[in-house]
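Work out the full structure, taking the sequences as your base and the hints as a guide.
Using our numbering, the first residue of the sequence shown is number 7, and each one after it goes up by one.
Honestly, I wouldn't trust all of these hints.
[Stated by the list, open to error] Straight-line distance between alpha carbons at most 20 Å, and here's what the computed SDA-like set of lysine to any residue pairs gives:
(1) K33 to E235
(2) K186 to Y231
(3) K33 to R168
(4) K212 to E161
(5) K44 to R156
(6) K122 to D102
(7) K233 to I38
(8) K9 to N214
(9) K122 to V229
(10) K187 to Y231
(11) K54 to F91
(12) K186 to Y224
(13) K54 to A73
(14) K134 to G103
(15) K212 to D155
(16) K120 to I43
(17) K36 to D26
(18) K120 to D94
(19) K115 to A101
(20) K187 to L173
(21) K33 to K122
(22) K54 to N29
[Said to hold, decoys possible] Restraint ranges, calculated between C-beta atoms of paired labels, are given here:
(23) E235 to E61: 34 to 44 Å
(24) T96 to T10: 20 to 30 Å
(25) E161 to K32: 21 to 31 Å
(26) T213 to E119: 18 to 28 Å
(27) Y211 to E235: 22 to 32 Å
(28) S72 to D42: 37 to 47 Å
(29) N69 to T185: 45 to 55 Å
(30) P139 to T185: 29 to 39 Å
(31) N214 to F91: 24 to 34 Å
(32) K233 to D136: 35 to 45 Å
(33) D102 to D42: 20 to 30 Å
In short, the hints are calculated from the structure, not lab data. Ideal Cβ placement from N, Cα and C applies to all residues, glycine included.
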Amino acid sequence: MKKTNNIKVIKIGGSFFSSDIFNSLKKILKDISALDIKGLVFTAGGGKSADLIREFDRKYDLNDSSAHFAAISAVEINAYMLSSFLNDYTFLNAADGDFNKTGDGEFNKSKIEKNKISIFLPSAYYRKYDPLPHSWDVSSDSIALELADRACAEELILLKARDPLFLKEAGIRGNDSKTKKIYYQAAESLREEGLIDNYFPTLFYKTNIKTTIINGSYSERTVEYLKGENPILTRIT
Numbered sequence: 007m008k009k010t011n012n013i014k015v016i017k018i019g020g021s022f023f024s025s026d027i028f029n030s031l032k033k034i035l036k037d038i039s040a041l042d043i044k045g046l047v048f049t050a051g052g053g054k055s056a057d058l059i060r061e062f063d064r065k066y067d068l069n070d071s072s073a074h075f076a077a078i079s080a081v082e083i084n085a086y087m088l089s090s091f092l093n094d095y096t097f098l099n100a101a102d103g104d105f106n107k108t109g110d111g112e113f114n115k116s117k118i119e120k121n122k123i124s125i126f127l128p129s130a131y132y133r134k135y136d137p138l139p140h141s142w143d144v145s146s147d148s149i150a151l152e153l154a155d156r157a158c159a160e161e162l163i164l165l166k167a168r169d170p171l172f173l174k175e176a177g178i179r180g181n182d183s184k185t186k187k188i189y190y191q192a193a194e195s196l197r198e199e200g201l202i203d204n205y206f207p208t209l210f211y212k213t214n215i216k217t218t219i220i221n222g223s224y225s226e227r228t229v230e231y232l233k234g235e236n237p238i239l240t241r242i243t
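So, in structure tokens, the structure goes:
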């Protein structure tokens, strides 16, 4: 079993940057900033910026590499916007030497573990290491998972705008203490309902990174989990 570092990667879903739940995200960021915790790495979703590139590709048939790197840039745009709502953070950027020079892309581990929050800027990293297929099957979920694997992170947290459908169908909403527990769902099932991207299950079963989905629409769930409590959440199997 691969040794893990004291690092958690938190992926902020792209929908948070383009909907009414942005205020929920702001509250989550504020509350996380107040925690006495280090080693958090934030990575953003592409949101409407990535959707614009996807639509342009649909109309004008971009080559795969152009579309791929344009979508990576969309993630970076949202990463910069994310930084506007945090105080104690540093950027994690291959252009600044935050990955080693041997070509295998290992993290500057000490920088991450000593800082409360690092925000991943993916463009230079993907230009240098290019670790994922150039396809729309790959989105920011797989980007976050690859990042967690590269960091030997103890966990990847996917902050989504909704719960998996089976929780909704079971009538589990809000943060009811009676339903607070870990639920489990297979990666392939989550892919089929569109909650994770198409490539994610392939990479997940290869890396076996502990991965948790939290509905960020209920801002208290994320903070409770980081504090070691047990909110409603879904663990990917």
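- Query: Against the structure shown, which of the earlier numbered hints fail to hold, in ascending order?
  - Reply: none
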